[in-house]
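**Q** The lines below spell out each chain.
There are 2 protein chains.
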Amino acid sequence: ARKNQRDVIFGNRGMSLEEELNQSNLYYLQQQVAVIHKKPVPIQIVQVDYPRRSAAVIKEAYFKQASTTDYNGVYHGYYLDFEAKETRNKTSFPLNNFHEHQINHMKACVRQAGICFTIIKFSITQELFLLPAATLFEYWDQQTHGRKSIPKKIIADSGFAIAYQFQPLIPYLTCVDKLIENLRNVKGAHHE
Amino acid sequence: ARKNQRDVIFGNRGMSLEEELNQSNLYYLQQQVAVIHKKPVPIQIVQVDYPRRSAAVIKEAYFKQASTTDYNGVYHGYYLDFEAKETRNKTSFPLNNFHEHQINHMKACVRQAGICFTIIKFSITQELFLLPAATLFEYWDQQTHGRKSIPKKIIADSGFAIAYQFQPLIPYLTCVDKLIENLRNVKGAHHE
Ligand SMILES: [Mg+2]
Ligand SMILES: [Mg+2]
Chain L
33 ARKNQRDVIF
43 GNRGMSLEEE
53 LNQSNLYYLQ
63 QQVAVIHKKP
73 VPIQIVQVDY
83 PRRSAAVIKE
93 AYFKQASTTD
103 YNGVYHGYYL
113 DFEAKETRNK
123 TSFPLNNFHE
133 HQINHMKACV
143 RQAGICFTII
153 KFSITQELFL
163 LPAATLFEYW
173 DQQTHGRKSI
183 PKKIIADSGF
193 AIAYQFQPLI
203 PYLTCVDKLI
213 ENLRNVKGAH
223 HE
Chain D
33 ARKNQRDVIF
43 GNRGMSLEEE
53 LNQSNLYYLQ
63 QQVAVIHKKP
73 VPIQIVQVDY
83 PRRSAAVIKE
93 AYFKQASTTD
103 YNGVYHGYYL
113 DFEAKETRNK
123 TSFPLNNFHE
133 HQINHMKACV
143 RQAGICFTII
153 KFSITQELFL
163 LPAATLFEYW
173 DQQTHGRKSI
183 PKKIIADSGF
193 AIAYQFQPLI
203 PYLTCVDKLI
213 ENLRNVKGAH
223 HE
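Residue numbers (this note's numbering), protein chains in the order written: chain L, 33 to 224; chain D, 33 to 224.
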């Protein structure tokens with residue numbers, strides 16, 4: 033495989049998709065383009081110590097299953113809600129990367145006219161795509177009697193390739209613009 | 033003071049505002065009215081143990097300052113973002129209940145056409161109000177040379193009283209409808 037341009041130019045091979053997105057969201061925030069945040073990991077706290085003269089220390093806690101997605105926020109009056117997922121697979125994205133409750137959450141958001149999608153990174157080739165929720169739902173709903181993954185070709189055809197750039201590192205809002213445009217053409221304008 | 037009707041009918045005096053709102057949001061979610069969640073408290077994790085055959089245990093962690101507000105989500109295509117605050121004050125709401133970064137976050141969301149507000153509970157009288165962000169910003173921005181609290185009368189006049197009911201316990205989306213209506217009349221329709 034040819035060397036990915038982004039490795040050469042931006043040299044961020046070590047960053048996780050989440051770090052790359054957090055950095056991109058910070059840029060969007062500072063430029064007043066959008067307000068998108070990663071939600072904190074939900075924790076079940078069992079025991080907290082309150083030492084004198086210093087900060088409370090959590091001494092026992094457990095990770096809880098998240099009931100929603102990784103990221104949400106607001107962009108031009110639109111509610112955005114998305115998951116970020118990395119895979120080392122080369123030709124498809126396995127559906128077992130998702131939990132049922134994440135899909136249900138995204139379906140509920142779409143019912144409220146939120147804009148939902150997944151940002152998928154094929155980490156071996158450093159390829160990035162924005163996959164609209166509709167395609168994910170279609171594959172998710174057929175998986176018990178059908179295939180358990182989404183072919184990369186489908187992701188490329190029904191989604192949008194995102195090229196890494198300097199700032200923001202992952203310019204995914206450009207794809208969100210196209211996604212919103214497509215949704216407007218299909219459903220008629222919801223927004224002005 | 034006369035006994036609040038809600039104490040008599042619904043008898044939830046022991047619940048915190050947060051619990052009341054979480055319960056209301058669950059109702060809205062189940063009825064497919066809106067998708068609004070409390071964000072998890074952000075935690076700085078320092079040490080995690082991974083015992084064999086059982087769940088990972090967080091052994092040392094600290095509370096981090098939240099950089100956003102308590103609640104956000106989507107309702108009829110609108111991005112909602114709000115803080116929930118209780119006070120034992122009787123005649124005004126002290127501005128030191130807010131951190132600068134929460135105000136900045138709400139200002140950034142409003143710039144993106146998000147709908148921002150605070151739900152304020154005067155706990156002594158069990159009175160609830162939805163206060164639009166614009167009024168909060170106005171008082172916040174004048175506080176260095178002006179008063180350090182928002183009079184309850186202003187909250188009642190520029191905001192909306194919310195009466196507790198059976199389900200949802202706090203029917204705040206009814207007030208959000210009015211708030212959206214007011215914003216549309218002022219600015220011209222952003223949606224539809
Ligand atoms: Mg993720
Ligand atoms: Mg609060």
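Please note: incorrect hints may appear among the correct ones.
All copies of an identical chain are treated as equivalent in the list; a pair is satisfied when it fits inside any one copy or across any two copies.
Computed cross-link-like contacts, SDA-like style, restricted to lysine to any residue with a CA-CA straight-line distance of at most 25 Å [claimed, not checked]:
id: 1; residue 1: K184; residue 2: N121
id: 2; residue 1: K96; residue 2: N214
id: 3; residue 1: K117; residue 2: V80
id: 4; residue 1: K184; residue 2: D209
id: 5; residue 1: K184; residue 2: Y59
id: 6; residue 1: K96; residue 2: N54
id: 7; residue 1: K71; residue 2: K185
id: 8; residue 1: K139; residue 2: Q62
id: 9; residue 1: K184; residue 2: Y82
id: 10; residue 1: K139; residue 2: R85
id: 11; residue 1: K117; residue 2: P74
id: 12; residue 1: K91; residue 2: R179
id: 13; residue 1: K210; residue 2: E132
Simulated from the structure, these hints should not be mistaken for lab results.
**Q** Which numbered conditions among the earlier hints are violated in the structure presented, ordered from lowest to highest?
**A** Failing hints, ascending: 2, 5, 7, 9, 10, 12 and 13.
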